[in-house]
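**Q** Protein chains in written order, with my numbering: chain A, 1 to 117; chain B, 118 to 230.
I should point out that these hints are in silico values taken from the structure, not numbers from a laboratory.
Where hints are given, some of them may not hold.
What the hints assert, rightly or not - No farther apart than 27 angstroms at their CA atoms in a straight line, the calculated lysine-lysine pairs in the DSSO-like style are these:
no., chain 1, residue 1, chain 2, residue 2
1, A, Lys57, B, Lys222
2, B, Lys173, B, Lys188
3, A, Lys57, B, Lys188
4, B, Lys154, A, Lys57
5, B, Lys154, B, Lys173
6, A, Lys57, B, Lys159
7, B, Lys185, B, Lys154
8, B, Lys188, A, Lys13
9, B, Lys222, B, Lys159
As the list claims (entries may be wrong) - In silico contact screen, one side only, chain B against chain A (beta carbon under 8 angstroms); selected entries:
no., residue
10, Ile151
11, Gly160
12, Pro161
13, Phe163
14, Asp166
15, Ser169
16, Ala196
17, Phe206
18, Leu218
19, Phe220
20, Lys222
As the structure is a prediction and not an experimental result, all values here were calculated from the model.
Here a beta-carbon is modelled for each residue, glycine too, at the ideal position from N, C-alpha and C.
If you want the building blocks of each chain, they are given just below.
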Amino acid sequence: KAGVTQTPRYLIKTRGQQVTLSCSPISGHRSVSWYQQTPGQGLQFLFEYFSETQRNKGNFPGRFSGRQFSNSRSEMNVSTLELGDSALYLCASSPGLAGGPGRGEQFFGPGTRLTVL
Amino acid sequence: GESVGLHLPTLSVQEGDNSIINCAYSNSASDYFIWYKQESGKGPQFIIDIRSNMDKRQGQRVTVLLNKTVKHLSLQIAATQPGDSAVYFCAETQNSGYSTLTFGKGTMLLVSP
Numbered sequence: 001k002a003g004v005t006q007t008p009r010y011l012i013k014t015r016g017q018q019v020t021l022s023c024s025p026i027s028g029h030r031s032v033s034w035y036q037q038t039p040g041q042g043l044q045f046l047f048e049y050f051s052e053t054q055r056n057k058g059n060f061p062g063r064f065s066g067r068q069f070s071n072s073r074s075e076m077n078v079s080t081l082e083l084g085d086s087a088l089y090l091c092a093s094s095p096g097l098a099g100g101p102g103r104g105e106q107f108f109g110p111g112t113r114l115t116v117l
Numbered sequence: 118g119e120s121v122g123l124h125l126p127t128l129s130v131q132e133g134d135n136s137i138i139n140c141a142y143s144n145s146a147s148d149y150f151i152w153y154k155q156e157s158g159k160g161p162q163f164i165i166d167i168r169s170n171m172d173k174r175q176g177q178r179v180t181v182l183l184n185k186t187v188k189h190l191s192l193q194i195a196a197t198q199p200g201d202s203a204v205y206f207c208a209e210t211q212n213s214g215y216s217t218l219t220f221g222k223g224t225m226l227l228v229s230p
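Let the hints inform the model, and build the full structure from the sequences given.
**A** What follows is the structure in structure tokens.
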């Protein structure tokens, strides 16, 4: 089975611009979660999508948004970029079923390294 | 808010030693815990998990211990190898419902040959 793929792998933007990142989950997985990883804050949860619906949301401003398509692929968007948005953005997929064995196990992609200048 | 944290930011060991990485969690409602390994340039990789109805679980060269009384997790790596050098994260969640993972800050493990 192919793993989680994320595109692009690297991105450089300037303040005020917007960016869209893409994630393709493992085939058959219906849940996609997004995380921001920085040296100072570690891994922080952004949001989770399941069957095209946002199921959970972390504590990030409204500039961060996402969506999921019918094929479970997901995109996240950051508008009006700030220097502090520079980070590794990780996508993780899981079957997404509540209470099942290994329900919490998420499979991560390699991430998109975003640099805001 | 409640969060998961780690005691040691960096752990340096010699090849062949046993390594112990610790983690404290504060959400008493968490009932499912996972350890992830992240190598440079890669996303986190699942190592081992444990449910709150267990206090120990063993994998290949790894053991996770859970002490619910003091809300403490540890990851033991036997016969540590240079390839084990990475950042290790503990994460917590609730297995019921649709809760998400809360990650600790991470511990860097450095293995010297």
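**Q** Against each hint, give a clear statement of whether it holds in the structure.
**A** The hints, checked one at a time:
The straight-line distance between the Cα atoms of Lys57 of chain A and Lys222 of chain B is roughly 20 angstroms, inside the 27 angstroms bound, and the hint therefore holds. Restraint check for Lys173 of chain B and Lys188 of chain B: satisfied, since their Cα atoms lie roughly 14 angstroms apart, inside the 27 angstroms limit. Restraint check for Lys57 of chain A and Lys188 of chain B: the C-alpha separation of about 25 angstroms stays at or below 27 angstroms, so the hint holds. Taking the CA atoms of Lys154 of chain B and Lys57 of chain A, the gap is near 24 angstroms; set against the 27 angstroms cutoff, the hint holds.
Under the criterion of a C-alpha separation no larger than 27 angstroms, the hint pairing Lys154 of chain B with Lys173 of chain B is consistent with the structure, at around 19 angstroms. The suggested pairing of Lys57 of chain A with Lys159 of chain B holds, with an alpha-carbon distance near 24 angstroms, which does not exceed 27 angstroms. Distance check on the hinted pair: Lys185 of chain B and Lys154 of chain B sit about 23 angstroms apart at the alpha-carbon level, within 27 angstroms; holds. With a C-alpha separation of about 42 angstroms, the suggested pair Lys188 of chain B and Lys13 of chain A falls outside the 27 angstroms cut-off, and the hint is violated.
For the proposed pair Lys222 of chain B and Lys159 of chain B, the alpha carbon gap of about 17 angstroms is at most 27 angstroms, so the pair holds. The beta carbon of Ile151 of chain B comes within 6 angstroms of a beta carbon in chain A, closer than 8 angstroms, and the hint placing it at the interface holds. Taking 8 angstroms as the C-beta cut-off, the interface hint given for Gly160 of chain B holds, the closest approach to chain A being about 3 angstroms. Because the smallest distance between the Cβ of Pro161 of chain B and any Cβ of chain A comes to about 5 angstroms, under 8 angstroms, the interface hint for this residue holds.
Against a cut-off of 8 angstroms between C-beta atoms, the interface hint on Phe163 of chain B holds, since the closest Cβ of chain A lies about 5 angstroms away. This hint holds: Asp166 of chain B has a C-beta 6 angstroms from the nearest C-beta of chain A, less than the 8 angstroms allowed. Restraint check, Ser169 of chain B versus chain A: the minimum CB separation of about 12 angstroms is more than 8 angstroms; hint violated. Among the interface hints, the one on Ala196 of chain B is violated; its C-beta lies about 25 angstroms from the nearest C-beta in chain A, farther than the 8 angstroms criterion.
For Phe206 of chain B, the interface hint holds, since its Cβ comes within 8 angstroms of a Cβ in chain A; the closest pair sits about 7 angstroms apart. Satisfaction of the interface hint for Leu218 of chain B is found here, the shortest Cβ-Cβ separation to chain A being roughly 6 angstroms, below the 8 angstroms cut-off. Interface restraint check for Phe220 of chain B: the shortest CB-CB distance to chain A comes to about 4 angstroms, inside 8 angstroms, so the restraint holds. Contact between Lys222 of chain B and chain A, as hinted, is supported at the beta carbon level, the nearest pair being about 4 angstroms apart and thus within 8 angstroms.
The earlier numbered hints that this structure contradicts are 8, 15 and 16.
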